[in-house]
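Fit chain C to the given chain D structure using the hints.
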Amino acid sequence: MSLPRTEETAQALRRSVARQFGRSLHIRTLDTGSCAACEQEIRLLAAPHYDLHRLGFFFTPAPRHADLLMATGPMIRAFDIAARKTYEAMPGPKLVVATGACALGGVYQPDAFTHGSVGDTLPVDVWIPGCPPSPLALLQGLLVAVDRLAEKVRDLTFIQEGGPR
Amino acid sequence: MPLWFLRGLRRGVVTTRYPGQPDASAAQLPTPPAFRPAALTRDLADRLAAICPSWALTRNGDVLFFDAGACTACGRCREAAPGAVTASGEFELAATDPAHLVKRIPLLGEGGS
Chain D
93 MSLPRTEETA QALRRSVARQ FGRSLHIRTL DTGSCAACEQ EIRLLAAPHY
143 DLHRLGFFFT PAPRHADLLM ATGPMIRAFD IAARKTYEAM PGPKLVVATG
193 ACALGGVYQP DAFTHGSVGD TLPVDVWIPG CPPSPLALLQ GLLVAVDRLA
243 EKVRDLTFIQ EGGPR
Chain C
2 MPLWFLRGLR RGVVTTRYPG QPDASAAQLP TPPAFRPAAL TRDLADRLAA
52 ICPSWALTRN GDVLFFDAGA CTACGRCREA APGAVTASGE FELAATDPAH
102 LVKRIPLLGE GGS
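Protein sequence lines correspond, in order, to chains D and C.
Terminal number for the first sequence in our numbering: 257, no gaps in between.
Terminal number for the second sequence in our numbering: 114, no gaps in between.
Within a straight-line C-alpha distance of at most 20 Å, the following computed EDC-like cross-link-like pairs (lysine to aspartate or glutamate) qualify: (1) K104/C with E243/D; (2) K104/C with D47/C; (3) K186/D with D98/C; (4) K244/D with D217/D; (5) K177/D with D212/D; (6) K186/D with D123/D; (7) K104/C with E91/C; (8) K104/C with E253/D; (9) K104/C with E93/C; (10) K244/D with D24/C; (11) K186/D with D212/D; (12) K244/D with D98/C; (13) K186/D with D217/D; (14) K104/C with D63/C; (15) K177/D with D217/D; (16) K244/D with E91/C; (17) K244/D with E93/C; (18) K104/C with D247/D.
Think of the hints as simulated: they come from the structure by calculation, not from any bench.
For reference, chain C alone in the conformation it holds in the complex:
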C-alpha cells in the first residue's frame, strides 16, 4: 500500500468546511485596518495617508476615506499609530460595486497626537 494512502487515512479529512462553518485558519490572515475615530486627528490622518503605500487612505476635511479595495493589509498604519488603528479581522471583502469598498472614517480626535 502506498505510504501517502496510509498517511491520508491517519490524518482524516483536511478540507475546510468554509462557507458552511468558519475556518480556523482565518484568524491568522493579514486583514485591513479598523480605525478608532476618537483617536484620529487631522495631523495623524495626514501622517497615515503619507505612510500608506497603496493610496488606500485620503483625508478630505474631517473625514478619512479608506478604500478597502486598494488596501494591501501591510500593517504600516497599524505600526505607526497602534492606539488609533487595529486589525479589523475581516477577510470576506468581496464587493459587487467598488464604491462599497470606500469607507468614511470621521476624525473625532482633539489636539495633536
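Isolated chain D, as found in the complex:
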C-alpha cells in the first residue's frame, strides 16, 4: 500500500538531487591529443555570447575541484597514465563527457599510437559529436550531463522524406 508512495518519494528525491547538482558544476578539460579546435570552442563558452557561468558551470584548473571531466582528442596511448590519474584525482560523484568526433571514435582508427576513442580508457557518461562541436552543442551536452535537458538525438532518424530543401 505504501509502495507507490515510496516510489514517488524516491523519484522526487532523485529530481531534487539532479537539481542540486545541476546548480553549480566545475569542469576540468582534458586534451588527450586533440588538434585544439575543440579547445577553441570550449574557450568560447566563457565568452559573453555563450556565458556558461549564467548556467552555473565553471572551469577549474585542478581535477581535485572538478565534478566533470571534458575529454577531447582520440586518447593517445602515451596519455594513459595521465588520464587515469586525472580521473582518479576527481572527487565523486563525477561525470565524464567525451567531446568531438575524435573522442567518439570517428577520425582516428585504433592503432599503435591512439586508442581512437576516449571510451576505451574512461567511463564516459555523455558523448558530444561535432568536429568541432559548436559552443551551443557543448552547452546542450553539459545540460544533458546534469539532467537539465533531455537527450534529443535518440529520436532523430537523419532520414528526410521528400525532396531536398
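This is chain C only, laid out in the frame that chain D set:
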C-alpha cells in the same frame, strides 16, 4: 568613462538565451547530413561510404549505417549526391550512449543513380 563601457551600453545584452529560447546563429552551423532513402541505391551508398573521411558511413546489405558521432559534418556526401543527401540542421546531438548515435538508413532507391 572607458570606451568599452559606452560600447557595451549601446550594444545591450549580447548573451544568448539558448536553452530557454533558440539561438539565431544555430542556423549557420555545419550540421550532419540527412538522407533520402528513396534516392539511395547500393552503388550510391558504397560511393558515399568511400568518400566519407571519418568512417561515419558503412553499408550492410540494404541498410546504410550512419554514425552521427563519427561524422565531422564536412559536407562531402552532400556535394557528391545533392539529390539524396541534405543538411539535417540538427546540432543538439549529445548522447548518453554511443549506440544512440548510430542510425539505420534503409536503401529504397531502384536502379543505378
